[in-house]
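Each chain is listed here by its residues.
2 protein chains.
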Amino acid sequence: MLKAVQILGCSSGLTIVSQRLTKTRNSSTVSFLSTSTNPLKLSTFSSSSSPRKTLCFNPTRMSSSSLPGSDPLPKSPTFVSGDVRKIKFCQWCGGPTKHEIPDGEEKLRAICTRCGKIAYQNPKMVVGCLVEHEGKVLLCKRNIQPSHGLWTLPAGYLEVGESAAEGAMRETWEEAGASVEVVSPFAQLDIPLIGQTYVIFLAKLKNLDFAPGPESLECRLFALDEIPFDSLAFSSIYVTLNLYLEDLKRGKVKFHYGTINKRPGSSPSDIRAFSLDYHLQP
Amino acid sequence: MLKAVQILGCSSGLTIVSQRLTKTRNSSTVSFLSTSTNPLKLSTFSSSSSPRKTLCFNPTRMSSSSLPGSDPLPKSPTFVSGDVRKIKFCQWCGGPTKHEIPDGEEKLRAICTRCGKIAYQNPKMVVGCLVEHEGKVLLCKRNIQPSHGLWTLPAGYLEVGESAAEGAMRETWEEAGASVEVVSPFAQLDIPLIGQTYVIFLAKLKNLDFAPGPESLECRLFALDEIPFDSLAFSSIYVTLNLYLEDLKRGKVKFHYGTINKRPGSSPSDIRAFSLDYHLQP
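First to last, the protein sequences are chains F and S.
Take the first sequence: its position 212, counting from 1, is numbered 557 in the working numbering, and each next residue is one higher.
Take the second sequence: its position 235, counting from 1, is numbered 580 in the working numbering, and each next residue is one higher.
This is chain F alone, in the form it adopts within the complex (with noise of 0.2 Å):
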C-alpha cells in the first residue's frame, strides 16, 4: 500500500498536508500523525478525493552541499557526505582534484588532475534499533555533540563489513549497553539534503543488563506516553517514534519508507521543521 501523506513537522501548533501520490494497492484510507506536543493524537481520513502527485524524477533537484548541523549527525565524522568542493586532494595519488561535471554525467565531481581519478561521495547509512520492551522503548541521552544531552535511538553509521542488522545491534550495544535481537525491519527514512538514510529495526533486549556507554549520559526505557518528544535530538527520531505510536495505535506494526526534508531555512535545532514525503508501505 503507498501511503499518501505528507506531515509538515512544525514547531508549534499543528500543519498536515495530504497527498495522493499515486496508486495505492488496497486502500485509500491513510492516517497522519499530529505534530502537536501531544504525540499520541492520530487522525484518519479519506484521501480518496485528494489531489494526485506522483513521485517522479526531478533532475534539478539537487543538494551539492550539506546544511551544516541541519539534522545533526549521530556522531561527528570528519567529512559530510557531498561537499565535493571540499575535496581538495586525489586520496590515492595524492593530486590536486578539480571540481567538474565529467563526460557523461550530470553531477559535479572531484576530478584528479593527476591520475584521472574520481572522489564519488555517496549517501550514508544510518542503523538504528527502536528497543521494545514491555510496552516501553529504550532511548538514549547523548553525551556527544551535536544534540547533547538530548535523547534519542540508539544508531550511528554503518561500517563496511556489517549489515544493516547487525550495524544497528552493534551501535545499541555500544550506546546503551544493551544486548539484543533485531525483530524486523521497522523503518527506511531518507534525509536527501545531508545525504543520510536511516534504517531502524524493530528488536528486544536479551537481558535488562544495559548501562550507557561513553557517547550516553544515560538510558532508559519510556513508557509510551513518557517519551520526551520536547528533547528528542533528531528529526528522524522524532519520526521513527511517531511513526511506531501510529501503527501500535492501529494495532499492527508496519514497515515505513519516507524521505525527511528539513525546511528550508529552519533552526538545526528545530527537529519538529520538516515535512515527511512520499511516505510508502509495502
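In case anyone wonders, no lab produced these hints; they're calculated from the structure.
All residues carry an ideal CB built from backbone N, CA and C; glycine is no exception.
One or more of the hints may lead you astray.
[What the hints assert, rightly or not] Partial list, derived from the structure: chain S residues whose beta carbon lies under 7 Å from chain F:
hint, residue
1, Gln466
2, Tyr502
3, Gly506
4, Pro537
5, Asp575
6, Ser576
7, Leu625
[Said to hold, decoys possible] With beta-carbon atoms standing in for the labels, derived distance ranges:
hint, chain 1, residue 1, chain 2, residue 2, range
8, F, Asp570, S, Lys443, 36 to 42 Å
9, S, Gly480, F, Arg595, 46 to 52 Å
10, S, Lys431, F, Glu571, 33 to 39 Å
11, F, Gly494, S, Lys481, 29 to 35 Å
12, S, Ala568, F, Lys481, 48 to 54 Å
13, F, Gly596, S, Arg565, 53 to 59 Å
14, S, Leu562, F, Ala568, 38 to 44 Å
Following the hints, put chain S in place on chain F, whose structure we already have.
Here is chain S on its own, set in the frame of chain F:
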C-alpha cells in the same frame, strides 16, 4: 514477522538450510526459494522445530577489504567501499595517511599524518526499480562491465541530494528510458563483503515509451516464467526476482530485508554462490 530461512545459492542443484533466528511475530511457517533452474518452484514448511539462532553482534566479523568483482557493481566506481589501505593521501589537505585503529574505535582507518582527519568509509546504497507491467517485469541487458551482456533490474548508486525512491526512478530513466512511478518499498538486501546495500522499489510504467540508455544493450518486459534466471547479472537481482515470484505465488507482495553473503572463494560470475541470511519481514 521474522522470516526464519536461509537460502544457500547453488550453481548446480538445490541446497537449502533453514534457520529459526528468533521469535516470530505471528507465524512459524516459512517458505523458501528453490535455487534450482526452475525458480518458480516453491516449497513451504514449518520451522518451529528448527534450531534457534539469534542475530547478534559479532565484533570479530569484519571485512576490511572488498572482494574485487565478487558481486560486481552496477557501475564501475573508482573507489570500492572499505578498501581503507588504498587511501594513501588526505583528500582535504593532501598529507600522507597512516592506517591505524584510532583511540576509542575498533576498526582500521586512514588517518592523515598532517591534519589528523580520518577518512571514514561507509557502505554504498544501490537503488533500483522492479517495474511491473501487466504481469511482466522490466529488465535491462548490460552494456557495461561488469556482467556485460547479462540482465539486471535498472539500478545504480544513490547520489547525495536525492531520496532512494528518486534515485531508483532516475536510474530506471537512465538505463531503460522508462518513466516510472514508485509504488512501494520491496527489498533491502545488504552485501557486507563488498559494502553495498540494494534498495529495490516496486514501480509501474507511466507509459510504454522505454528504450535502452547508453549503459544498456536492450530493455525488455519479461513474463514471469520467461525471466532469464540463467543470465542475470548479480546475486542481488537473482534474490530480488525470486522473492518477488515467491510473494506472487503467495498472493501478497511484502517487504523483505536480508543479507547476501557471498560464498568465500566462489567465482565472481557465479551469482548463485551465496547464502541469504537474516531474512526478516515486517
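The hints, checked one at a time:
1. Checking S:Gln466 against chain F: minimum C-beta separation of about 6 Å stays under 7 Å; hint holds.
2. Checking S:Tyr502 against chain F: minimum C-beta separation of about 6 Å stays under 7 Å; hint holds.
3. Interface restraint check: S:Gly506 against chain F, minimum CB-CB distance 4 Å, threshold 7 Å, status holds.
4. Because the beta carbon of S:Pro537 sits about 5 Å from the nearest beta carbon in chain F, less than 7 Å, this interface hint is met.
5. The criterion of a C-beta within 7 Å of any C-beta in chain F is not met by S:Asp575, whose closest approach is roughly 28 Å, and the hint is violated.
6. At a threshold of 7 Å, the smallest CB-CB gap from S:Ser576 to chain F is about 26 Å, leaving the interface hint violated.
7. Interface hint at S:Leu625: satisfied, since its Cβ lies 5 Å from the closest Cβ of chain F, which is below the 7 Å cut-off.
8. Distance hint check: the CB atoms of F:Asp570 and S:Lys443 are about 51 Å apart, inconsistent with the given range 36 to 42 Å.
9. For the hinted restraint 46 to 52 Å between S:Gly480 and F:Arg595, the CB-CB distance of approximately 32 Å leaves it violated.
10. Our hint of 33 to 39 Å for S:Lys431 and F:Glu571 is violated, since their Cβ atoms are close to 49 Å apart.
11. Against the hinted window of 29 to 35 Å, the Cβ-Cβ separation of F:Gly494 and S:Lys481 comes to about 54 Å, which falls outside the hint.
12. Evaluation of the 48 to 54 Å hint for S:Ala568 and F:Lys481 yields a pass: the beta carbon distance comes to about 50 Å.
13. One distance hint, 53 to 59 Å for the beta-carbon pair F:Gly596 and S:Arg565, is violated here, with the actual separation near 43 Å.
14. Take S:Leu562 and F:Ala568: their Cβ atoms lie about 58 Å apart, and the range 38 to 44 Å is violated.
Of the numbered hints listed earlier, those contradicted by the structure are 5, 6, 8, 9, 10, 11, 13, 14.
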